[in-house]
Amino acid sequence: MQKLKEEIGEILAPLVEMDAEQVLDLLEIPPEPDYGDLAFPCFTLARTMKKPPPVIAHNLAQQLADRKGWLWDKAEPRGPYLNFYIAPKAYSQEVLKKVWAEKAEFGHTNLGHGANVPIDYSSPNIAKPFGVGHIRSTVIGHSLYLIYRALGYNSIGINHLGDWGTQFGKLIVAFKHWGDQSELKDNPVDYLYRLYVQFHQQAEEDPALDDEARLWFKKLESGDEEAVSYWEHFRKLSLETYASIYGRLGIEFEYYHGESHYNQMLERVIELVQEQGIARESEGALIIDLEPYNLPPVMLRKKDGATLYITRDLAAAIYRKETFDFARSLYVVGAEQTLHFQQLFKVLELLGFEWASRCAHVPFGMIRFKEGRMSTRAGKIILLEEVLERAVEMAREIIEEKNPDLKDKESAAEAVGLGAVRFGDLSNDRVKNIEFDWEKVLDFSGETAAYIQYAHARICSIIRKTESETPAWDDQAALLLEMDEEITLVKTLARLPEKIIDSAESYKPSILARYLIDVAREFNRFYHNCPVLNSAPEIKHGRLLLIDATRQVLANGLGLLGIIAPEEM
RNA sequence: GCGCCUGUAGCUCAGGGGAUAGAGCAGCGGACUUCUAAUCCGCGGGCCGGGGGUUCAAAUCCUCCCAGGCGCACCA
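Its first residue numbered 2, the first sequence is counted upward by one per residue in the working numbering.
Keep in mind the hints are simulated off the structure, nothing from the lab.
One should not assume that every hint holds.
[What the hints assert, rightly or not] Calculated cross-link-like contacts (lysine-lysine; reagent style PhoX-like; alpha-carbon spacing at most 20 angstroms):
| no. | residue 1 | residue 2 |
| --- | --- | --- |
| 1 | 51 | 6 |
| 2 | 4 | 129 |
| 3 | 220 | 347 |
| 4 | 4 | 51 |
| 5 | 219 | 177 |
| 6 | 90 | 492 |
| 7 | 371 | 104 |
| 8 | 322 | 347 |
| 9 | 75 | 6 |
| 10 | 4 | 104 |
| 11 | 186 | 237 |
| 12 | 371 | 381 |
| 13 | 177 | 129 |
Please read all numbers here as calculations on a predicted model, not as lab measurements.
Generate the whole structure from the sequences, applying the supplied hints.
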């Protein structure tokens, strides 16, 4: 907790001839609880003081021997470290009071001061089914959206739909050759997807189809009426299908600005690039050479005059800057596009935009089968809807078995099932690939969302059994906590604010997810060793305050992951 | 060929300069007349991919190698 650090910083700074701030930077959390709660390493002092670190630690401890602070009790040397031990009671009171006072705001800060942070996430390709692969950008992006909000930034969710490009040429060709209106109407995305797969199969044998597709995309770009009407039709039907998935997952966007949204700006981008003299013609195409920067060239316009993905991304980046004047602009897009973003940001820099450095690609690994990667084209894919459905069904079965009397089983099953899927994607470092495994998806034991939700539900259950819905604050009751399990839990709760900041700065919701597992684990230990309702009245009150704070931390944290914390399950 | 990412317990992964490298799963053994056993407690399990280097200190930083993944001009 910050207050404790500051207290120690002030005490220590004059003794080691450093600024309080420098001391704060050095303080670290020891690996073992036995080693205290905050450690000051003496290695860096060894040089200036010309003494071995353990001697320095020992001397400092002697100077502090008879002193203690409000939040710390004692300082002891251990090897090269000077370890500070918190004053458990005062510290508990301080932490619990803060959570009590801030409630749903605990962990939130106002680092952002309302600055805009557009976040590009989800961004599915229209007319392709929403596979499990797409859930990563969606849930990681949405969680970052919520986390930045909690830090006082004005997050702006942008769904950069893949609603433009050669694939529409392909779909138009496929539909003209083999399409059927009534099948399209019945199950649009699924049908378009089948056509898309069919196109790629046929194109293997008949490459002329690819040329035909390119031609149709070119027609689309030049506003050909027939092409545009196909495109509008496909787009509209796809969006309707996505809306139901987003609704179910509680995902929201400020803007559905797909690639097509930037069509009118493309000419301007090309002019801009030419004015800056960084582009040149090559084999009939317009390219920017990035060789001096060790990057492959960027193509802005094909020899047939059609634009590419990066042309639209340049327009989008400039549009976002002009519209939102962002503090940061985030792109939650798969790691396979790292090179694309390196090129994009480099071109922005070459155009003289100093804000290029405020754009960041937030990459993540792919979801793969044991046998290899998923492929939309080849039809090797698992639909997100199927995953969600099976996860919720599994949750339903477990609830039926464990808690048959539960009133609202359906909403609990929904929360647990969807939470499991989300958590699976959020809890590991995003840069790593994930191997898709039904057994793992459907396992709700151990380090899972259900583990956290279960702890939350247990707390709610205890509180429900007391007279009042939420325990009243009591300074004295909060001072009575002293069991190891209680103090460890308090210390863990105190870390929520820093974990939220760490998650935001590293763009890693997994940091928060892991932390919530720790909170739930410490709560479970407490739960098994410290009765709440059946303890002496003063102790009972203190413990109620403790579990209520735990409930709040779990709820706040899960909320930032986009996971619902049911009161019963 | 070049570039980026990853390699930690049987499996899935935390830890990303600092004290004795940690969880979950799987396995074995315990704990429900007591606040929800989706839980808890205990046991076994490791050349942190390999070599070299920087440092008082390396799983962590640098370098080379190996293995896997992903990219590298007319897809997104």
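Against the structure, the hints come out as follows:
no. : hint         : verdict
1   : 51 with 6    : violated, 26 angstroms
2   : 4 with 129   : violated, 52 angstroms
3   : 220 with 347 : violated, 31 angstroms
4   : 4 with 51    : violated, 32 angstroms
5   : 219 with 177 : holds, 16 angstroms
6   : 90 with 492  : holds, 11 angstroms
7   : 371 with 104 : violated, 44 angstroms
8   : 322 with 347 : holds, 16 angstroms
9   : 75 with 6    : holds, 14 angstroms
10  : 4 with 104   : holds, 19 angstroms
11  : 186 with 237 : holds, 11 angstroms
12  : 371 with 381 : holds, 12 angstroms
13  : 177 with 129 : holds, 18 angstroms
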